[in-house]
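> In case you want the letters, here they are:
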Amino acid sequence: MTIVLAGKSPQKARVEEILRSEGFECVTAASPRDAKELSRDFPVILLGNSAVDLFLSDDVFAFRKISGLGAGEPAVFLLDYGSDTPDYVLPLVLRRAVSTALSKRPVFILARSVRSGIPGVEKLYFDARNAGAAIIKYEELSIQRSDDICEISVSDGIYRYTLGTPLLVDCAIEEDKEAIEYAKALRIHTYGSNRINEDRWFLSPGRTSRRGVYFLDTGLIVSDRLKDTIFSIADELRRSPDAQQETRAHVDASKCAFCYTCFRVCPHAALEPDGSAAAMKVIQPLCTGCGICAAVCPAKAIGLHGIGHIGIEPGSAGKTLAFCCENSAAIAADTAFRDIDADIVRIPCGGSLDGESIAAALKTYSRVIVAVCADEACRHFDGSVRSMKQVEKIKQAVGKLGVDPGRIGFVRVSHAAPAVLRDAAGR
Amino acid sequence: MIVAELKPIEEIISTIESYERVLIASCGTCVTVCMAGGEKEARELASLLRLSPSMENTEIRVVNLQRQCDREFFEAADEDAAWADAVLSMGCGAGVQFMAERYSKPVIPALNTRFIGVNRDVGYWTEVCQGCGDCVLEKTGGICPVARCSKSIFNGPCGGSSGGKCEINPDTDCAWQLIYDRLKTLGRLDRLYETIPPRDWSLSRDGGPRRIRRSDVSTEVK
Amino acid sequence: MYYNKHYKRLGVFVRCFMKNVLIVGGGLAGCTAAKQLSKFGIPSILLESSSIIGGKVRDYGCKADSRCSQCGVCLAGNLWEAVENDPNISIYYNARIFDLYKNGDGFTACFLSGPETHELNVTDVIVASGFTDYAERSLGAAEIAPSRRILTGRNLETLLKGRTSDSIFEHEPASVAFIMCFGSRDIKEKAQYCSRVCCGYATRSAKVLRHYYPNAEITLFYMDLQTVNSSPRYMDELRKNGIRFERCRPARIGSEESLPVVTYENSEGLQKKTFDYVILCGAVHPCPDAAFLSDITGLRVDENGFLQYVLPPEMTHVYLAGCASGPKSIYETSADAAGVAARIANFNFGDGVRQ
Amino acid sequence: MAGISRLQSVFESGGFAVTAEIGPPMSANASHVEKTADILKGIVHAANVTDNQTSIVRMSSIAASCIAQSRGVEAVMQMTCRDRNRIAIQSDLLGAYALGIRNLLCLSGDHQSLGNQPQSKNVYDIDSIQLIKAVADMKNEGVFMSGKKSKNMPKFFIGATANPFADPFELQMIRLRKKIDAGARFIQTQAVYDIGRFEAWMKEVRRLGLHEKAYIQAGILVNKSVKSIEMTRKVSGMQIPDDIVERMRNSDDAEREGVLISLELIDKIRKIEGVRGIHIMAVGWESIVPSIVKEAGLSAD
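These protein sequences, in sequence, are chains P, X, F and C.
Numbering of the first sequence is given in my numbering, commencing with residue 14 and proceeding in unit increments.
Numbering of the second sequence is given in my numbering, commencing with residue 89 and proceeding in unit increments.
Numbering of the third sequence is given in my numbering, commencing with residue 1114 and proceeding in unit increments.
Numbering of the fourth sequence is given in my numbering, commencing with residue 6 and proceeding in unit increments.
Hints are supplied without guarantee of correctness; some may be wrong.
As the list claims (entries may be wrong) - SDA-like, lysine to any residue: derived pairs with alpha carbons at most 20 Å apart:
no.	chain 1	residue 1	chain 2	residue 2
1	P	K268	X	V150
2	C	K126	C	T59
3	P	K406	X	L94
4	P	K240	F	Q1421
5	C	K126	X	N200
6	F	K1152	P	F215
7	C	K154	C	G100
8	C	K299	C	L265
9	P	K376	X	N145
10	P	K150	F	N1379
11	P	K402	X	Y212
12	C	K126	X	F203
13	P	K413	X	L94
14	X	K253	C	M243
Just so you know, these hints were derived from the structure itself, not from any lab.
Note that the structure is a prediction, hence the values are computed from the model and not measured.
Full structure from sequences and hints, please.
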């Protein structure tokens, strides 16, 4: 089985070695464009190498001076200052602190909390203490600067210390810009301008928004975890996606206006232009069946296999219809609607709901609930935000028609708090 | 592409509520792509109109036309149009008028046709052309002063340009700043030294309704 | 496309048909592994000691305030139902394994399910026996007064799961304390390790409480804080939301006039403070059967009491999933169990054994 | 009235020109213009009469200019391209000249969306540079914009505006050159607060020799209060250094401080080579103009 490695990393040889031991053949993508082409046929692992840049609090104290200064002056590594230091930075800082301490320089590590749950960190703390570094857990901290010295006053809640140092090391992360280029070419979800993966419960380490494309930032990942992550990627690649899901989108090429809307909104990069048909087509193995494309398609050219048009049976006045996202509300519905006379329409994602369905439901039901996942819990990234916007739009429109917008409810729920859904429906 | 947007729904209702049978006709080209008058919008509008208490006695049908600016496509709507008392066209202004020519019943616009524009992002369009009939883009680095300068001036910027933004609102780029930046990257700032003379607006709408006849294609003898 | 091609070439199907897996424990790890195996076409036998599968996670509540806090409970989703209805999975409730011996290439497992004894042949075994919640074990100990207002983490989870759109507790609390590292980082309890999960649990729960009760005073007593979320501002946000952090181990949690009283020491000396509710964020301790399971499976019990591999599981055909091998978050447990299932389904990769 | 304007003769005789501003009223009442003209008479060489400034409907600049001239203050009639097409512009120019108006300041005009009738349609048939060219062609070639020759064409003394503080600098300079090349004989600048930037701009003007082709008049805005300077600061294209705003804030007598600031600026501006006059904008506070002119040691005589 072939796997494509894209991006640069000093750990690349190691990644390749692990992959080979798992029975993969590695091919290297030369450019983002190359990676894009290869990603059609093979899974891709994008390597990033974000660096942790240990910089001094000011230019005056350039870090390179560290070796040139008198041995007696202490170096202070400051963590959690301004904001919490991310856990992947911690081992890197500790390693740097150990090596500094071993060069017979007093070292202080100031942290708001000592975190040891990260694999390998306990040992580093131990090494640091052995090398003579003092670790201070602070509650309050203030810094006074003069030309060549920083006066740091720290309190751990019981005692107060004052440290004078010319070497105050703060920590920041320098993202791998090249990896971002690759990410754009591979059309995986990025956040802000330069973060490839956000903390989402449904993304296991290394996974991205696109199936078959993985992202390993070897600069940030703790080395023990690298191997485990690659193992789990290898395991995943051996699975059949067919067994995983039933619903997928399909494009009716005769209706497609080739407007690229679906291409732009698909969170999983599952659509591509089919030039010969002058229409979009769904890359079946990448489609997760969320239905966002079907909801936004202005030509109604996209349908979902397994789910036809959301059929709404005529309800009776006084009855409630709940559009329930399969990932959250639909699971909670059994418990939540035990005592409520409500009809339930299961939808694959909040994003698959269009205004027409909401309006049509209002025609026959006296109350319509749209129940979806919390925004950042949405497996399809912005599906639940989209549903909220649809609801807002329809509410505004029906308000102008003289229909009570209060008949439409919107609630963010989880399967693990069903009474919230019940309250929304039973209002 | 022609960019349009749906009229306020209360305005649409006020124009059609007196009819008993209304046909909504979508258009599959520009207005579909700009998400104003395609099948999705037509169906959504239909289901919203059915909710309106003042439209209770109105029956609504939807027909999806591929294009409203070529008459052959109307055939698909003929049957439904014969049934209807009025047609609500979701085409651009051209589509509405062309439908009105074909059917001897009220044809009502559902959209406001806004401008000729481009899609900059999902759900975001900006005006780039006014169809003024005499293109000066060659002189201005490919950025149109007629459509993109609030005052359509040819020797800009005016005194209202500040920090690269137009005086009418800080979200609007000053077209002349864009022209300057563009010519600068092209190394053609010399273009700016040339005073563009007052232009001939007769090629624009000011010359009256415009028409083009291609003599090599049109066999009609004048 | 590419998946199918290679999938077939590997011939996984052929091998999978010959497998049959025994899973000890019907919690999140066991169910995830069973479901995953079923996707590969491998039948499994799930032994659950209680009358309902899902273990502790089944009662966990959502910890989103207005935003998802990425607690991972959603991973359970409709898993239980899916496992119950899966034709590839046979579930034995109220089950207890009492013997397991080698039989040819596989094992014979002897277990009780209710009053009946069963004996089945399996090719592989997954030990997913889970963990013990220290807080539950310790209720009634000398330092902890019995009180309805002193809740274990699990009690709170149940409340969170049952919460309505405007309340969690019966009464609106004016003050809530979370006692973190309860039973971990504690030499006395022979649990010097960090349980790793209670920080996330406590801080997320605190956020939900803050969302429901904006005026309540919320205090977290901690010994050691982990990074919960990759968002670097997470702890800052908590502090900004008025959640107080107090670094100490409370000496006693008593009860006066039916309200819990926490005695602790800080820089200003010994403090005594009454709270409306005290929540004990119990440590993850090894499951009580660990020693027995170690005897019958050949796994090793480590210094903290968790089970560990002696040899790579591909050689022994005994796998570990979830918290049986140490504290894990929901999300790590799920990934671990899915990984184990994949390893069973694909025995012959590369050189065979992962180091 | 003489063939050439007084303003032109002041410039040509090497004098330092002082102009002020008259804002026509939002009514048909002539007395407002008359009162302002009476204040300015004998104090300034000429006064600008604005053309529906900030797109708010006011008495037409032609009429107000006539009224001012009838009270003995020479008008600099402002003409924008916002409201008239080339037919109306040329016709108005013929009329204005016939009524004795000799100075003309050509502008683009504020966009109508800034005013109180944002629903209106704008014209911009031609822009300010094309307008300058058209007026110059009338004067020099005796032709209309259509190219048709005619006798007795208006021979205005043509002015234009410039903003030394707008970015990009290079582009602004190109436009100034285009205006002067088109036929502008005098240039009134945006209000000057930042002397450093103004000096830099003048340096470039001198390098290009533009000060020899047209007379440069620096704009001076007189602020009466802290509020007024803060409002001025928000106007697009205006730059006011912080220390000046601070001075106004910290002063007990803001009115006096405003005058002092203006006097200091005038003093500095007069020393800059190539500056040939000042244009005082005392929006709604015209009564202060005489004392500023006197205290600055300037005179219209």
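> Now, for every hint given, state plainly whether the structure supports it.
Results of checking the hints against the structure:
For the hint pairing K268 (chain P) with V150 (chain X), the CA-to-CA distance comes to about 16 Å; that is within 20 Å, so the pair holds. Restraint check for K126 (chain C) and T59 (chain C): satisfied, since their Cα atoms lie roughly 15 Å apart, inside the 20 Å limit. Proximity of K406 (chain P) to L94 (chain X) is assessed by CA-CA distance (about 13 Å); at most 20 Å being required, the pair is judged to hold. Between K240 (chain P) and Q1421 (chain F), the direct Cα distance comes to roughly 18 Å. Compliance with the 20 Å bound is thereby established for this hinted pair.
Simply put, K126 (chain C) and N200 (chain X) have alpha-carbon atoms about 18 Å apart, close enough for the 20 Å limit, and the pair holds. A threshold of 20 Å between alpha carbons decides the hint, and for K1152 (chain F) with F215 (chain P) the separation of about 18 Å falls inside it, so the pair holds. Among the hinted pairs, K154 (chain C) with G100 (chain C) is consistent with the structure: their alpha-carbon atoms are about 17 Å apart, no more than 20 Å. At roughly 13 Å between alpha-carbon atoms, K299 (chain C) and L265 (chain C) fall within 20 Å of each other, so this suggested pair holds.
Between K376 (chain P) and N145 (chain X), the direct Cα distance comes to roughly 14 Å. Compliance with the 20 Å bound is thereby established for this hinted pair. Of the supplied pair hints, the one linking K150 (chain P) and N1379 (chain F) holds, its CA atoms being roughly 14 Å apart against a limit of 20 Å. Between K402 (chain P) and Y212 (chain X) the CA atoms are separated by roughly 15 Å; this keeps the pair inside 20 Å, and the hint holds. For the hint pairing K126 (chain C) with F203 (chain X), the CA-to-CA distance comes to about 16 Å; that is within 20 Å, so the pair holds.
Restraint check: the Cα-Cα separation between K413 (chain P) and L94 (chain X) comes to about 14 Å, which is no more than 20 Å; the hinted pair holds. For the hint linking K253 (chain X) to M243 (chain C), the alpha-carbon distance of about 13 Å falls within 20 Å, and the restraint holds.
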